[in-house]
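Chains as they are written, first to last, in my numbering: chain A, 1 to 328; chain B, 329 to 754.
There may be inaccurate statements among the hints.
[Said to hold, decoys possible] Distance condition first, Cα-Cα at most 27 Å in a straight line; then the derived DSS-like pairs of lysine-lysine:
hint	chain 1	residue 1	chain 2	residue 2
1	B	622	B	594
2	B	386	B	370
3	B	687	B	644
4	B	594	B	689
5	A	298	B	752
6	B	687	B	743
7	A	298	B	689
8	B	681	A	298
9	B	681	B	702
10	A	298	B	743
11	B	687	A	298
12	A	298	B	679
13	B	644	A	298
14	B	584	A	298
Read the hints as simulated data drawn from the structure, not as lab findings.
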Amino acid sequence: MEAPLILEILDRFGKVRERHLITQFPVRIGRGYDNDIILDDPYVSPSHIELLRDGSGHILVSDLKSENGLFSLHPLVRHEVLSIEENQRIRIGHTDIRLRSRNFPIRETYIDRVRPSQLHLIFTNMVMLPVFWLLTAGLFTFYYYQQSYRAITLNNLISQVLPLFIFIILWSSAWSIVSKVVTHKYYFAYHAILTSVVMAGFYLLEPLFSYIEFINPIYGLADNLSLISDLGLPMILLYGNLRQSTPLSKRRAGITAILTSVLVIGVLHLIAYVHEPAFNSQPQFSQVLKAPMFNPRKGQSIDHFFANTHALSQFEIKSDSTQPASNP
Amino acid sequence: MNRPSHAVRHPFVFCLSLLLLTLTSIAPVRAVTTENVFNRFKDRLLQVRIIDNATNSKSVIGSGFFIDQHGTIATNYHVVSRKVFKPEEYRIEYVTEDNRVHQADLISIDVIHDLALLSGDSADTPDLYFRDQRLEKGERIYTMGNPLDLGMTIVEGTYNGLTDDTMHERILLASALNPGMSGGPSITKDGTIVGVNVATAGNSIGFLVPEKFLRNLLKTSKTHKKQDYMQVIRQQLFDNQNKYIKALLQKPFPTKHLDSYSVPAKLASYINCWGDSGDDHGPYTTADDYCAVKNNIFLNSRMSTGEIRYNHHLLKSDKLNRIRFYNLMEEYFAHPQTSLSGDKDDFTEFKCKTNFVQKGKLRLKTAFCLRRYKSFDGLYDMILHSASVTENQRGLITTLMLSGVSYDNAVAFGKAYLESLAWKPR
Numbered sequence: 001m002e003a004p005l006i007l008e009i010l011d012r013f014g015k016v017r018e019r020h021l022i023t024q025f026p027v028r029i030g031r032g033y034d035n036d037i038i039l040d041d042p043y044v045s046p047s048h049i050e051l052l053r054d055g056s057g058h059i060l061v062s063d064l065k066s067e068n069g070l071f072s073l074h075p076l077v078r079h080e081v082l083s084i085e086e087n088q089r090i091r092i093g094h095t096d097i098r099l100r101s102r103n104f105p106i107r108e109t110y111i112d113r114v115r116p117s118q119l120h121l122i123f124t125n126m127v128m129l130p131v132f133w134l135l136t137a138g139l140f141t142f143y144y145y146q147q148s149y150r151a152i153t154l155n156n157l158i159s160q161v162l163p164l165f166i167f168i169i170l171w172s173s174a175w176s177i178v179s180k181v182v183t184h185k186y187y188f189a190y191h192a193i194l195t196s197v198v199m200a201g202f203y204l205l206e207p208l209f210s211y212i213e214f215i216n217p218i219y220g221l222a223d224n225l226s227l228i229s230d231l232g233l234p235m236i237l238l239y240g241n242l243r244q245s246t247p248l249s250k251r252r253a254g255i256t257a258i259l260t261s262v263l264v265i266g267v268l269h270l271i272a273y274v275h276e277p278a279f280n281s282q283p284q285f286s287q288v289l290k291a292p293m294f295n296p297r298k299g300q301s302i303d304h305f306f307a308n309t310h311a312l313s314q315f316e317i318k319s320d321s322t323q324p325a326s327n328p
Numbered sequence: 329m330n331r332p333s334h335a336v337r338h339p340f341v342f343c344l345s346l347l348l349l350t351l352t353s354i355a356p357v358r359a360v361t362t363e364n365v366f367n368r369f370k371d372r373l374l375q376v377r378i379i380d381n382a383t384n385s386k387s388v389i390g391s392g393f394f395i396d397q398h399g400t401i402a403t404n405y406h407v408v409s410r411k412v413f414k415p416e417e418y419r420i421e422y423v424t425e426d427n428r429v430h431q432a433d434l435i436s437i438d439v440i441h442d443l444a445l446l447s448g449d450s451a452d453t454p455d456l457y458f459r460d461q462r463l464e465k466g467e468r469i470y471t472m473g474n475p476l477d478l479g480m481t482i483v484e485g486t487y488n489g490l491t492d493d494t495m496h497e498r499i500l501l502a503s504a505l506n507p508g509m510s511g512g513p514s515i516t517k518d519g520t521i522v523g524v525n526v527a528t529a530g531n532s533i534g535f536l537v538p539e540k541f542l543r544n545l546l547k548t549s550k551t552h553k554k555q556d557y558m559q560v561i562r563q564q565l566f567d568n569q570n571k572y573i574k575a576l577l578q579k580p581f582p583t584k585h586l587d588s589y590s591v592p593a594k595l596a597s598y599i600n601c602w603g604d605s606g607d608d609h610g611p612y613t614t615a616d617d618y619c620a621v622k623n624n625i626f627l628n629s630r631m632s633t634g635e636i637r638y639n640h641h642l643l644k645s646d647k648l649n650r651i652r653f654y655n656l657m658e659e660y661f662a663h664p665q666t667s668l669s670g671d672k673d674d675f676t677e678f679k680c681k682t683n684f685v686q687k688g689k690l691r692l693k694t695a696f697c698l699r700r701y702k703s704f705d706g707l708y709d710m711i712l713h714s715a716s717v718t719e720n721q722r723g724l725i726t727t728l729m730l731s732g733v734s735y736d737n738a739v740a741f742g743k744a745y746l747e748s749l750a751w752k753p754r
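Using the sequences and the hints, build the whole thing.
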């Protein structure tokens, strides 16, 4: 007695619709009620195919003179009789069929990350959400106050903080819905806490970068460094969102987060680059200023400052530039 | 890119507009009336037109006059500047008193004093005279030209001496000059040239280029023939900046106090300074000081040069903490007030060096920037822009701008400027 097989009926998208345990052959398949397996597919004939097992144990499929025929896939070839391997798909009408043995290997079980660590408990705890939000709002207010030299009123503070929190809420809600659909739990607290921590990261890194440019007065240094936060922080956020809301592995979630961030920042920089004026008549120099306590070093002497400026006077002038023609 | 008119470079007061005036025939008369002067000298006057070859229409009009009997014409450089920069695109015509149109060629230019000489194709031309003379303030002067293309006009005015607040001598005239009179002569009643009409500063205030510069140009123009005018302009600008920068660097800059900082004051009689102290902006106050040269050198409608401009801003606050105060400093530092413009046909972009400079206890964050004139090798616009990083709630932002100087002069002047800055804690 040969081992029983599982016959799988797949729809045209490759999704398994039915499974039948096959313990004896022949098996006749068709749309009629007199078949062993009855298909609903209107492109299948009343009696379409028959499966047999020959003396050496191979499975043979024969076409029972159907209207639309029997096909092997990749390439799509019509057959009268066809010998099939385990897991090989055949097509009748708009339905695919394959056979698998009982010991066919299956994927590893997805790990459900509902079992939390201590850290996880803090990040997913609804009680912690107001704590993190207060910290973020406090940090933002401090940043906003120190960034400005104008008097700060409650009104304009609120008008600054509000958009930030609207963003946090919308973003977290969207990911909560993804979580709900894919992993059957909302995790709003987790997404909201993660988003506010990442936003706080921007307000911590920005002053750091501008401080670095202050002590190393190179034009555009802070802007270039801020690429780190512009790329890195969204990556962290997306990675966290994806890991919590989807069954993606660390590797896949990481790659998705990196590619998405690079793409978005790349497009934004491209837009900025396109809008840059072709010629700038104003000087470009490092403009960052901080209080004296932030720069403990002494400055250069005046002679030293001007010592290496000769390179500034060297300009390449392309010969095709519009030069007034000389007089005849 | 906007093409700013050269007037934009004088945000303070001075709106140069071109004027012109013509002169009629000469003959001593007993009863001197304006009418006599006009009738006597009007055949020496002409209208200068710059014609666009592509469309054959007038692109610039000005005035001019004969200064010898071989058809040599004097006018302003700014009337013919288009021909100088784009000789293939324009030609020069002039219209004499009898309404006949003639062709003219450039012989010589002086961009520093805004003069040009043309050779006309008229022969045996009647001319106006150069004669050594001493004019008294209030003496009558007849200014002639073709204002606004309305026809030859004479205006009676008075001589008011030489200006002492311009870098290059100008005669101050109380008379109504109008656009189109540029390049025309101002003469005495007997036809002696006093100067060439060049600019107006509004109602009945006009300026003339003194006739001695015209005589110099006439003298030197006989020594050379056809020339590369870009090279001529470059040489004139180069020599001119060497002269005035060297003169300014003869001795240390005079300084003045702006709170606890000492800063360069008025460096020369032709530099004008304005102050604006103690503006209250709520959490902070400012005191500002601006200095600039009154007239600079017109090259073409896009470019003027020869400017010296510097300004100081003192910022003070007892309400802002040091972090917030330096945001304010940064805001001012990020926008140097240089009034510079220019486009890529004429200039490279700026290249800058930024670093901290120490002068005694005064620590400055300083940017030194240069851009090159594409047509005039070795000439640069320079910006030296500094902010003090010395006190917690008080700071100085000072900006120097020189246009059309050599690299060596830019550095020498920059050094002298920084040397003149100081901080004396109280």
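The hints, checked one at a time:
{"no.": "1", "hint": "B:622 x B:594", "in the structure": "12 Å, holds"}
{"no.": "2", "hint": "B:386 x B:370", "in the structure": "23 Å, holds"}
{"no.": "3", "hint": "B:687 x B:644", "in the structure": "21 Å, holds"}
{"no.": "4", "hint": "B:594 x B:689", "in the structure": "24 Å, holds"}
{"no.": "5", "hint": "A:298 x B:752", "in the structure": "17 Å, holds"}
{"no.": "6", "hint": "B:687 x B:743", "in the structure": "11 Å, holds"}
{"no.": "7", "hint": "A:298 x B:689", "in the structure": "9 Å, holds"}
{"no.": "8", "hint": "B:681 x A:298", "in the structure": "17 Å, holds"}
{"no.": "9", "hint": "B:681 x B:702", "in the structure": "21 Å, holds"}
{"no.": "10", "hint": "A:298 x B:743", "in the structure": "18 Å, holds"}
{"no.": "11", "hint": "B:687 x A:298", "in the structure": "10 Å, holds"}
{"no.": "12", "hint": "A:298 x B:679", "in the structure": "24 Å, holds"}
{"no.": "13", "hint": "B:644 x A:298", "in the structure": "23 Å, holds"}
{"no.": "14", "hint": "B:584 x A:298", "in the structure": "25 Å, holds"}
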